Amino acid sequence: MKDKPRTILVLTLLLVTITIISTAMPAYATNSRPSVKPVKDIDEMFDDVATISPAFGGMYLDGNALKVYLTDPSQRGVAEQAIRAVFGRERVPAGGVQAVQGTYGFHQLHAWYRQMGSVFNVQGVVYTDMDERANRLTVAVQDQALVAPVRDELSSAGVPQDAVNIVLSDPIYSLATLQSMVRPIQGGLQIQFSNFLCSISYNAVRGGVTGFVTASHCTDIQGGVENTLYYQPLTAGNTFIGTETVDPLYSRATCNAAGIRGNHICRYSDTSFEQLASGVTQTLGAIERTDSVNTGSLTIAGSFRVTSEGASLVGQTVNKVGRTTGWSQGQVTNTCVNTGVSGSKIVQL
0 MKDKPRTILV
10 LTLLLVTITI
20 ISTAMPAYAT
30 NSRPSVKPVK
40 DIDEMFDDVA
50 TISPAFGGMY
60 LDGNALKVYL
70 TDPSQRGVAE
80 QAIRAVFGRE
90 RVPAGGVQAV
100 QGTYGFHQLH
110 AWYRQMGSVF
120 NVQGVVYTDM
130 DERANRLTVA
140 VQDQALVAPV
150 RDELSSAGVP
160 QDAVNIVLSD
170 PIYSLATLQS
180 MVRPIQGGLQ
190 IQFSNFLCSI
200 SYNAVRGGVT
210 GFVTASHCTD
220 IQGGVENTLY
230 YQPLTAGNTF
240 IGTETVDPLY
250 SRATCNAAGI
260 RGNHICRYSD
270 TSFEQLASGV
280 TQTLGAIERT
290 DSVNTGSLTI
300 AGSFRVTSEG
310 ASLVGQTVNK
320 VGRTTGWSQG
330 QVTNTCVNTG
340 VSGSKIVQL
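Residue numbers (numbering that gives the first Met the number 0): 0 to 348.
These are calculated hints, taken from the structure and not from any lab test.
Heads up, some of the hints might be wrong.
If you anchor each label on the Cβ, the simulated ranges turn out as follows [claimed, not checked]: (1) Val-245 - Arg-182: 18 to 28 Å; (2) Gly-94 - Asp-71: 20 to 30 Å; (3) Gly-261 - Asp-71: 32 to 42 Å; (4) Asn-120 - Gly-236: 43 to 53 Å; (5) Asn-293 - Gln-100: 33 to 43 Å.
Small disclaimer: the values here were computed from a predicted structure and weren't measured.
Beta carbons are placed, not taken as given, at the ideal position from N, Cα and C, and that holds for glycine.
Construct the complete structure from the given sequences, taking the supplied hints into account.
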């Protein structure tokens, strides 16, 4: 138990869903029905902007300015009004909107993106993305030798080669890697389940039930409820803190609905909800803060306070806290990426 200074920090929904770092890749469970996406993602919000301003081709933050791709730069005023209508007036920074000549409208890019899910049938595709910084689509692969088969898949899908950048990337794994006992519990703290270690993402109340969120891959079986038991920081002494109660199944139908064909299973999040055990205290809206950023320090020196949520833009600075790397900070480089998890059939949408 300890008194800690509080730091006010606006964390986006993207941030709090990626604060999990673990040390294993458990099995996964599937379902035949598509999972439900509860809120609009940023690509769908971009679609809304493009409906109002058809010249709109994507946008990203560049310092204190909002760079906006337009197939007709003379439509900057219309695009700015559309952005304010969809994202709110606060989304336009002090530096204002700067028009950038674009080649493709966002509606067209989004349509092609939904046609190119078959590229995941090429072993070694890491992720796909609509890259709003480049006004292009992106396919990331592990090896240069995969470029030709990916181009073949794109041609078969009717996606023009000039609209797609193929880049090299390391594979993405569900890694199975604030380590003291801390009460009340907060986001970023180490937890143990079975024989593995993970981090609490954030505390939450779901349907009137108090609990916390961690990754779906930080459960006994990824997808599906197995009543996984959680301890903080380790399974020793009086450290039991909660039980898994919500963890939707992965399904092929969800992949199909997102335009991804083949022997894959998909979901819109890698998250699960755990009901808080009786007698365990927590601080809602608080995430542990270490004494330095991007150093690997695990020494607690206060807390971040979640005050709002929202979609992240490319170029925006975000933060995460976890039991392995401590407090990390960086800029968003891609949004709404479809990610193939290496060594599994999973594609995270």
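For each hint, the structure was consulted:
1. Val-245 - Arg-182: 18 to 28 Å: holds, 24 Å
2. Gly-94 - Asp-71: 20 to 30 Å: holds, 22 Å
3. Gly-261 - Asp-71: 32 to 42 Å: holds, 38 Å
4. Asn-120 - Gly-236: 43 to 53 Å: holds, 49 Å
5. Asn-293 - Gln-100: 33 to 43 Å: holds, 35 Å
When the structure is compared with the earlier hints, no violation turns up for any of them.
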